[in-house]
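Student: Using the hints, position chain A with the ligand against chain L.
These protein sequences, in sequence, are chains L and A.
Under this note's numbering, the residue at position 88 of the first sequence is numbered 88, and the numbers go up by one with no gaps.
Under this note's numbering, the residue at position 21 of the second sequence is numbered 21, and the numbers go up by one with no gaps.
In short, the hints are calculated from the structure, not lab data.
Ideal Cβ positions, reconstructed from N, Cα and C, are used throughout, including at glycine.
One should not assume that every hint holds.
Unchecked claim - Covered stretches of chain L (in silico footprint by chain A; criterion: 3 or more residues with CB under 8 Å from a CB of chain A, positions within the stretch not fixed): (1) 8-16; (2) 19-29; (3) 69-79; (4) 83-91; (5) 101-109.
What the hints assert, rightly or not - Far from chain L, some chain A residues (derived; all Cβ distances over 10 Å): (6) S17; (7) R127; (8) D130; (9) Q132; (10) E134; (11) E154; (12) T172; (13) E189; (14) F257; (15) G307.
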Amino acid sequence: MGKKKEVDDRFKKFGTVSFTSITKTNDFIDFLEGGKVMGTRCKDCGLVFFPPRADCYQCLASNVEWFEVSGKGKLLTYSELKFAPVGFQDDVPYCIALLDYGKYKIFGRIAKDVPENEIEVGMEMKTVVNKTSNEQLNYVFQKV
Amino acid sequence: MGKVAIIGVGQSSFVRSYPGSIRELAFDGFKESMQDAQITTENIDASIICSAPEYDKQRSPAGVFAEYLGLNPHPTFYVESLCSSSSMGLRLAYSLIKSGLHDVIAVIGFQKMSEISSSESQERMGRGADIQWESPFGTMMPAYYAMYARAHMEKYGTTLDDLALIRVKAATYGQLNEKAVYRKPVTFEMFTDPESRLAGPVASPLRVGDCCANADGSSCVIVASEEKAKDLCKKPVWILGLGAATTSVNLPGRDLFTGLTAAQQAADQAYKMAGISPKDIDVAEVHDCFTIAEMMAYENLGFAKPGEGKDLIKSKETYKEGSIPVNVDGGLLSKGHPIGATGGSQIRTIVLQLRDEAGDIQVKNPEIGLVHNIGGVGLYGNVSILGR
Ligand SMILES: [Zn+2]
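Isolated chain L (complex conformation) (with noise of 0.2 Å):
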């Protein structure tokens, strides 16, 4: 019988438990392990998107290309969680937040070591690629 067909289940990966493992961006992870956190652009129509999509909404094209996530965003919204789903308890407490990079948003965690009562709306943060205890990879907003 024939080989057992590779199958790219890259994005398992991402998070501390993951509930996608087949998509069109899996290079993100990559990227993550590269020590970058990455958007996608259209090459047609020039949106920009983050979270990261394979195909533009607009232009009904599969033409994009991967930006890296830089600089400093604004820290629109946070809470921090006192309890978890299933999956998550471990983790507890941990802040989850959306930062505003002006042309995109990214919703994420908030880096453990940024204690609750130094997070404020409105400072600036950084995005940077994070392991979790469990191994797994996603990014974290840290104080810049």
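Tutor: Same frame as chain L, but now just chain A with the ligand:
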């Protein structure tokens, strides 16, 4: 084409753990609506079954319910928009009747959340958002709404005390609602008492008392054509306006974090269709899954200007005797929130109000009522305007 009416409403008791299967749960709400409408299954020519998936094991519950409720061989189908599923069901029933395809439709909402644990349920609800890019961070509904609460507090100076007042109002009426899960009194002081469970943190800044509870429950709304309504029903309640809208499933795709755009847009559509404005609403049911959700609803529905929702609750204008009574049945905060059944329960309350049959919670002589029902974190917005 004629008008479309609601000729019967019913709901089960909303409970922590229903001692029966989902078809038996659905029977409870259906039975009450049929007795309310004083009709038999002979009169019903289609059914729409509404819930959010993955709480129980049944795939395609519509077929199961149609058999159990005696609705074969008429068509039935399933509709889902998370917590606004049964308002979406009402919208579909309206269009099926308007089209002339059907005359009398049962819109049945249900949810049996107790089949899974509370943290599993948080995970399910969290997966009603973006599972590819957000759920892997460990999201849940209270935390998402908490992010809206934080933004609202930052921009408008809304306080946790203002939010506590909404829960106090809910409990005022929840105590009177024999079908509510939570019927204990709630005082403002309980939110500052570290011994009180309600003051405990969930997702900052929201506390236990800011959140509604999971529940098992069912609801049923019988929708009919004008001709059938006049034939079958003494006090039909008419559907005057319907609105529905959506927004980006993930937060980065949104621009507003102090309100829900899908609610604003659904409200605009419903007001326009009904040819009325917010000041014409005499009684409202809004989707208070969290205290902040009711605060935003005041503003998104035009009962208050953006940022001024807190003044409405501080001045008690949303109490039964106020200028715009809201959630005088205790709301989701008291009744509990069996996802797919919630919209139907809200509709039931407004229908009973408009028929002057709401008992202890009856608002004085209401002519027009509104139902605001939200799915997910503002992902789906449904607004329905009803009149007598
Ligand atoms: Zn494009």
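Student: Work down the list of hints and note, for each, if the structure agrees.
Tutor: Verification of the supplied hints:
no. : hint    : result
1   : 8-16    : holds (count 4)
2   : 19-29   : holds (count 3)
3   : 69-79   : holds (count 4)
4   : 83-91   : holds (count 8)
5   : 101-109 : holds (count 6)
6   : S17     : holds, 19 Å
7   : R127    : violated, 7 Å
8   : D130    : violated, 7 Å
9   : Q132    : violated, 4 Å
10  : E134    : violated, 5 Å
11  : E154    : violated, 5 Å
12  : T172    : holds, 27 Å
13  : E189    : holds, 22 Å
14  : F257    : violated, 5 Å
15  : G307    : holds, 16 Å
This entry does not satisfy hints 7, 8, 9, 10, 11 and 14, going by the numbered hints stated previously.
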